[in-house]
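These protein sequence lines map, in sequence, to chains L and H. Going by our numbering, the first sequence opens with residue 112, and the numbers climb by one from there. Going by our numbering, the second sequence opens with residue 112, and the numbers climb by one from there.
Hints are computed from structural coordinates only; laboratory data are not their basis. Think of the CB as a built atom: it goes at the ideal place given N, C-alpha and C, for glycine as much as any other residue. The reader is advised that the hints may include incorrect statements.
[What the hints assert, rightly or not] For each label pair, taking beta carbons as the anchor points, the in silico distance ranges come out as:
1) ASP178(H) with ALA120(L): 18 to 24 Å
2) LYS152(H) with GLY218(L): 22 to 28 Å
3) SER114(L) with ASP137(H): 20 to 26 Å
4) ARG146(L) with GLU180(H): 38 to 44 Å
5) ARG215(H) with VAL142(L): 27 to 33 Å
6) ASP137(H) with ALA197(L): 34 to 40 Å
7) HIS141(H) with PRO121(L): 27 to 33 Å
Number of protein chains: 2
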Amino acid sequence: MTSFAGTPAPPYYAVIFTSQRTDADDMPYHVMAERMLELAKQQPGYLGVESVRDANGVGITVSYWQDLESIRNWREASEHRVAQAAGKEKWYECYQARICRVERDYGHLDSSME
Amino acid sequence: MTSFAGTPAPPYYAVIFTSQRTDADDMPYHVMAERMLELAKQQPGYLGVESVRDANGVGITVSYWQDLESIRNWREASEHRVAQAAGKEKWYECYQARICRVERDYGHLDSSME
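Given these sequences and hints, build the entire structure.
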């Protein structure tokens with residue numbers, strides 16, 4: 112995981128993406144996922160990401176955004192749309208995306224993680 | 112993971128809990144985590160949970176709730192408060208909780224996962 116996301120004070124937005132990977136070859140998947148992360152970071156309104164996948168191929172990725180417009184722009188970015196289609200066709204058995212408004216947050220962060 | 116959460120049509124609420132486990136003994140942690148899940152399921156307003164932890168001990172658990180009051184009640188449940196204190200003291204190097212309003216969702220779910 113890319114460590115904890117250092118998000119600003121709420122409100123901001125989150126996309127919770129839960130997915131089950133298929134058995135399809137991991138390597139090209141990782142190349143694509145890395146590329147998407149790199150692109151997302153360049154998007155206006157991007158705040159951070161947290162991502163975990165377990166040994167059974169179940170993953171949760173939460174990306175954080177300044178507003179709904181940033182999420183919409185990222186969703187419609189052309190290279191991302193190609194990746195979304197590949198995800199649906201090849202990489203994910205199933206997935207669920209949820210778009211949320213973060214209203215409150217609290218935590219206990221080690222300073223090395225911030 | 113307990114599979115995908117079968118949540119109703121939005122709006123509903125989510126608690127995104129990101130954590131880094133300490134090296135402390137896994138077994139009692141799992142007993143506590145299972146017990147908390149069992150208790151959460153009995154809470155009014157509980158809708159579901161999705162939880163993943165990777166081999167490095169980084170986890171994301173998202174629990175879904177009908178409204179903010181359900182989240183508040185769960186957070187203040189006495190046995191849960193004891194677990195929260197143990198989590199802070201012993202189980203988690205660090206954690207971050209975010210309380211969100213889910214405004215929209217979409218997905219591609221295999222019927223066996225619903």
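Hints and how they fare:
1. For ASP178(H) and ALA120(L), the Cβ-Cβ distance of about 23 Å falls inside the hinted range of 18 to 24 Å, so the restraint holds.
2. One distance hint, 22 to 28 Å for the beta-carbon pair LYS152(H) and GLY218(L), holds here, with the actual separation near 24 Å.
3. Between SER114(L) and ASP137(H) the beta carbons are some 22 Å apart, a value that agrees with the proposed interval 20 to 26 Å.
4. In this structure the hint that ARG146(L) and GLU180(H) lie 38 to 44 Å apart at CB holds, the actual value being about 42 Å.
5. The hint said 27 to 33 Å for the Cβ distance between ARG215(H) and VAL142(L), and at roughly 29 Å that hint holds.
6. A hinted range of 34 to 40 Å holds for the C-beta pair ASP137(H) and ALA197(L), which are about 36 Å apart.
7. The hinted window of 27 to 33 Å between HIS141(H) and PRO121(L) holds, with their beta carbons roughly 31 Å apart.
Hint compliance for this structure: no hint is broken.
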